[in-house]
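Put together the whole structure using the sequences plus the hints.
As you go down the protein sequences, you meet chains A and B in turn. Under our numbering, think of the first position of the first sequence as 1, with each following residue one higher. Under our numbering, think of the first position of the second sequence as 1, with each following residue one higher.
If a hint is listed, it holds; no wrong ones were tucked in.
Derived coverage of chain B by chain A (criterion: at least 3 residues anywhere in the stretch with Cβ under 8 Å from a Cβ of chain A; other residues may be distant): (1) 9 to 19; (2) 51 to 57; (3) 107 to 120.
Among chain B residues calculated to face chain A with C-beta under 7 Å, some are: (4) Arg4; (5) Ile5; (6) Ser95.
The set of hints was computed from the structure by calculation and includes no laboratory data. In this text, a Cβ means the ideal position worked out from N, Cα and C, and glycines have one as well.
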Amino acid sequence: MNERKVDHSALRTNQAFIIGLSILAFILNAWPLVTFVAAVMLVGTLWPNAALFKAVYLYALKPLKIAQPDVRVDNPEPHLFAQGVGGVVLTLATIAFALTSPIAGWVLTWIVVALAALNLFAGICVGCMMYYWFNRLGVRGFTVAPIERK
Amino acid sequence: MLERIAITIVLIGLGVLAYRLLLSAQRRQAVAASRRDCVGRPSLLVFTSPTCAPCKLQQMPIVNRLMDEWGDRISLRVIDVTEQPDMATRFGVWSLPTTIVLDGSGHVEAINQGIAGAVKLREQFERACQPAVNAPTNRPANQPAN
Chain A
1 MNERKVDHSA LRTNQAFIIG LSILAFILNA WPLVTFVAAV MLVGTLWPNA
51 ALFKAVYLYA LKPLKIAQPD VRVDNPEPHL FAQGVGGVVL TLATIAFALT
101 SPIAGWVLTW IVVALAALNL FAGICVGCMM YYWFNRLGVR GFTVAPIERK
Chain B
1 MLERIAITIV LIGLGVLAYR LLLSAQRRQA VAASRRDCVG RPSLLVFTSP
51 TCAPCKLQQM PIVNRLMDEW GDRISLRVID VTEQPDMATR FGVWSLPTTI
101 VLDGSGHVEA INQGIAGAVK LREQFERACQ PAVNAPTNRP ANQPAN
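Written as structure tokens, this is what we have:
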């Protein structure tokens, strides 16, 4: 079987952008920026090649050697799922902002920031864990199991 | 805006503090647990589970490569937390993979949450192999100096 690989530097760049822009949105009290991040995350989940933050890594940070590639044997689906979950939560935050419930919106935004920071700084991907739990429970669509390796 | 910057700083500070408290609680627990696991040479404990993908894909290949390098100089224990939940509880493991490096006296040299890279583990192993630095006196392990 061909080994599946994921560049974890691209994932970390993505997380750094999500954290940075979400915090900036909070500081500037600019919830449309949260909507923008949600849109980027959802687009990146549905069409990975169109992921904006990943493109910044591929076409700017990597060629300029600001970030070094960190390619590891891994399944990309759990990471995409994690990103999708984050995108959905930020979409819910956007809905909350639009329905004039800014506190709920910012709480949801900070939850995404906290989970992205946990992944970026501690290497704990909660969305990936969820993906593998669903796989283990046989939930339809969560077809990729942990790769067995001796 | 200053108010929001202050809230951001407080929230980030609280997050870092909570994480550090969690780590230090785990370290205390691991220090207490490691006293029962002294094998007379440095040990590497790797906590994993059958469903932990990063453990199989990333952590174990790194550990196996290092074990080829280190041979008998270090004792490797791969602990499946589903088979030995008591060990996970004793060492306060709350995420997988977790790797713990113990020196020859059973002192906790390092605890790594998530994937521990080869360079990091090699440094921790080298530190664990320096008895003169870690134990300047010949007092028994974990016994306070008077």
